[in-house]
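Undergrad: The listed protein sequences derive, respectively, from chains A, B and C. If you read the first sequence in this note's numbering, its first letter stands for residue 736, the second for the next number, and so on. If you read the second sequence in this note's numbering, its first letter stands for residue 1069, the second for the next number, and so on. If you read the third sequence in this note's numbering, its first letter stands for residue 163, the second for the next number, and so on.
Derived from the structure by calculation, the hints contain no laboratory data. Hints may contain errors.
[To be verified] BS3-like cross-link-like pairs, simulated, lysine-lysine; straight-line CA separation at most 25 Å:
(1) A/K864 - A/K916
(2) A/K763 - A/K917
(3) A/K864 - C/K350
(4) A/K1080 - A/K1004
(5) C/K370 - A/K839
(6) A/K860 - A/K917
(7) A/K1054 - A/K1025
(8) C/K266 - C/K181
(9) A/K1005 - A/K1080
(10) A/K805 - C/K370
(11) A/K902 - A/K917
(12) A/K839 - A/K864
(13) A/K902 - A/K916
(14) C/K370 - A/K846
(15) A/K842 - C/K370
(16) A/K864 - A/K842
(17) C/K235 - A/K805
(18) C/K370 - A/K864
Please read these numbers as outputs of a predicted model, since none were measured by experiment.
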Amino acid sequence: MSYLSLSNITKQFGDTVVVDNFNLDIAKGEFVSFLGPSGCGKTTTLRMVAGFEIPTSGRITLDGADITEKAPNQRNVGMIFQSYALFPNMTVAQNIGFGLSVRKESKEMIKQRVDEMIALINLEKHANKYPYQLSGGQQQRVSLARALAIQPQVLLLDEPLSALDAKIRVSLRAEIRAIQKKLGITAIFVTHDQEEALSISDRIVVMNTGLMEQVGTPFEIYNFPQTQFVANFVGSLNTANAEVSEPANGLVNVDGVQLITASDIKSRKKGDAIRVSIRPERFSFADNQKKDNVLDCTVENITFLGAVVRIQVKIGNAKFNMDTFNNPFLELPKIGSKQQVTCSKEAVLVLDE
Amino acid sequence: MSFLSRLRRFPFWSWVWFIVGALYFILPLLATFEFSLTWDPAIPFKAYQRSFEDKDFWETFIYSNVLALATILFSILLIVPTAYWIRLRLPEARRIVEFITLMPFVVPAIILVFGMIRIYSAPFNVPFTDIQIMQPLTNFKAGTNVLIISGYMVLAMPYMYRSVDTGMRTVDIRTLTEAAQSLGANWFVIISRIILPNIRSALLSGALLTFAIVVGEVTLASFLGVDAFGPYLFLLGQHRAYEPAALSFVSFLLTWLAMGLIQLVSGGQGQAAGAH
Amino acid sequence: MAQTTIKPVKSLAAPTNWKTWLGVVPFFLFAILFLFLPSLRLFTASFSSPDGSFTLDNIIQLVSEPFIVNAYKLSIQISAVTALGGGILGFLMAYSVTVGGLPKPLRSALITFSGVASNFAGVPLAFAFVATLGRQGFITHVLRDYLGINLYDAGFNLYSFAGLSLVYMYFQFPLMVLIMAPALDGLKNEWREAAENLGASTTQYWLKVALPVLLPSILGAMILLFGNAFGAYATAYALTGGRIGIVTIQIGAQIRGDVLYNPGLGYAMAIGMVFIMAISLAGYSWLQAKTERWLK
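One chain only, chain A, in its complex shape (with noise of 0.2 Å):
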């Protein structure tokens, strides 16, 4: 049962359609991430959620009621933004409190409900400080909690991690999704970094100029994208122009060499183009164990990547990265020597164009 439906929603600046036929049901207490390069409409379908904007066309309707076209402070949404848009004049208390002030709360709820909040963000101590005498990471957690203050039906996050350090942006993304699972809300998160969005998220929603490309649990669209963008876009992939060689037996041929795949080909023709991936780290130099598909390679370049080492191989005439995981005893292989990396038939995809 959906609990917040966005259904056919587009929208247009001028002659520019920026969301094109949108269409996504999120269940109560998800989390939903939109994914995508910027641009491509994710925060225009966010905005228009929180009530900013408008859609052209389109229905968006919140546990049963329509509020396509509701003003936003009457909306009961919760927002985070980028840049935390804490209030400058008032303390971390105070913007807390501001939801609840404003809806003519009682001093003694609102209190109450502010030292809740300021718990759940641990952040006790700096209750009476101003938002310019913290961090930016604490910054966003009373964005946060000041969002959250107002018990929202829905929570909408506007790459609220972008502008933090590395380290706090994955401590800061646990703690987001620790407290959503907590209390149980739906959540939409809109991010470019698709580590973050793999890591945190139910469900995630890669977009791309406007349109959805593809809708998966973070485990479906890692593993198994359906289109290039996707493939592209989560994790880094090898890609290449292939021909279809025997459609029945899924032998593809990538530049002078054959390849197997699991996907199904039946349906076109020998001689047909098509594009294959294969993620890096399913390839493995050869070993004792039978594989689909063993493959001659010269070693190009080798790049030390910490918890990966990246080798070039070329195979063929096409190049690819290979993934292997570093550790103290590796033994890495010469740039320029022959060898032959394996790698399974359901390893190789072949994407929708």
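Given chain A, put chains B and C in place with the hints provided.
TA: Okay, now just chains B and C, sitting in the frame of chain A:
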């Protein structure tokens, strides 16, 4: 989008305030223009003709423009190096210099001019003797020019200093200077080819305001006895009716046009505040 | 002992020595010659009688002579009224072209126009208003002929307090526009959106967020406007020829000496003006410190 939500976005009150203010701006100008045309219904621009035929008009008007240009030039020479030096080497002096540049707000023009007259109407002597080095500045033309330009520099100082300082802050002159130094530039090259071009629009806005302050200024010019455009208009206004109206209108229009042009040229960067 | 050994190292590490100060000598020299000495000279001159001897009479007259006290009162009133009126109108106009949602070209037009108008003073301004609101003025005629309102029968007079205030407003509110436009730009869009999102109405947003944030700028601008009107001389003189006895006009009369000639008294009055401006500036910085406690 429904009609109601469109209506919610129409900035009704903004238009109201803007139009009220615009009327306040435009009506007096319009009335002045209208009045200047009523001298002789047969020759509508008679007031303008007569004004432009007057030799004194051209003399005072050009003189005021020259004074304005001189004020701008000397202000830049005084203020740019000072502001630059403070940003680069002497941040300790910032508070005191900022305080001084704000002083002209506290000391009105009329006070400044009487103070200057009191001091510089005395001859310059060798200390503790009666031997005169120079006659009083107020007694000869070059001397009064020094006084009035200095006075205008004081009046323009708050605006000039602020524009220049803001300009330097936005382009981060410290880094620019260090980059230029590391590439081997000397001080002259740094200031003339790096700093000045980069604070161009700030200089323009400061210069413009200085211009607007100086060209119609009356208090300093009349008490120092300088034949500038302000006192000329003042005198004209006591004897005539139509010519001053015509000249008021023209001078407003000219200044506005100049400002508009410069804002176009500088890409809309120029702005600051005005003075009396 | 430890300090003396450390000292030379310290002065090496911090190269700000007296030579660095040489860079600002021209500026200080200029300020002393053309700003401080003249002001100081007026200060000492206000203690001298017309014949040149030392006296406290001028200072005493400042607070005892009714026409002087009235001149100050009048100047303060007119400055306060026009600072407030011009401030409010200027704020609303600056609002309309910045966050008020009017088209962008109007903004640059208004800003350049304000740059000129804020310096449009003295004779041209007086003339413009005579042509507009004088007995034969444009608006006076329009109101009389089309709406049947006779301004002058209704008690209006351009050469009065109200009239002069209207004239002053012409350069007051553009100044407010110029100061407030950048300040209003500093209001972040997200603050309004956050407030709306938390359920605040537009009024609540302005009362609880925008105005408190802007308050220091507004107060500062109003003080500037006050000083701007307080020190104005040419406009009032051109308009009324000295019939409205504001302080600057009284000072001019004392020093130029057509009828009243007592330069010492004029100088004392001038010093009184500086004193009042200094107080209002001090009041401003005190208020600013109070309202800006949430700023860095």
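Undergrad: Decide, hint by hint, whether the structure agrees.
TA: Now the hints, each set against the structure:
no., hint, result
1, A/K864 - A/K916, "violated (28 Å)"
2, A/K763 - A/K917, "holds (13 Å)"
3, A/K864 - C/K350, "holds (21 Å)"
4, A/K1080 - A/K1004, "holds (19 Å)"
5, C/K370 - A/K839, "holds (13 Å)"
6, A/K860 - A/K917, "holds (23 Å)"
7, A/K1054 - A/K1025, "holds (23 Å)"
8, C/K266 - C/K181, "violated (49 Å)"
9, A/K1005 - A/K1080, "holds (19 Å)"
10, A/K805 - C/K370, "holds (23 Å)"
11, A/K902 - A/K917, "holds (23 Å)"
12, A/K839 - A/K864, "holds (23 Å)"
13, A/K902 - A/K916, "holds (22 Å)"
14, C/K370 - A/K846, "holds (18 Å)"
15, A/K842 - C/K370, "holds (16 Å)"
16, A/K864 - A/K842, "holds (20 Å)"
17, C/K235 - A/K805, "violated (54 Å)"
18, C/K370 - A/K864, "holds (18 Å)"
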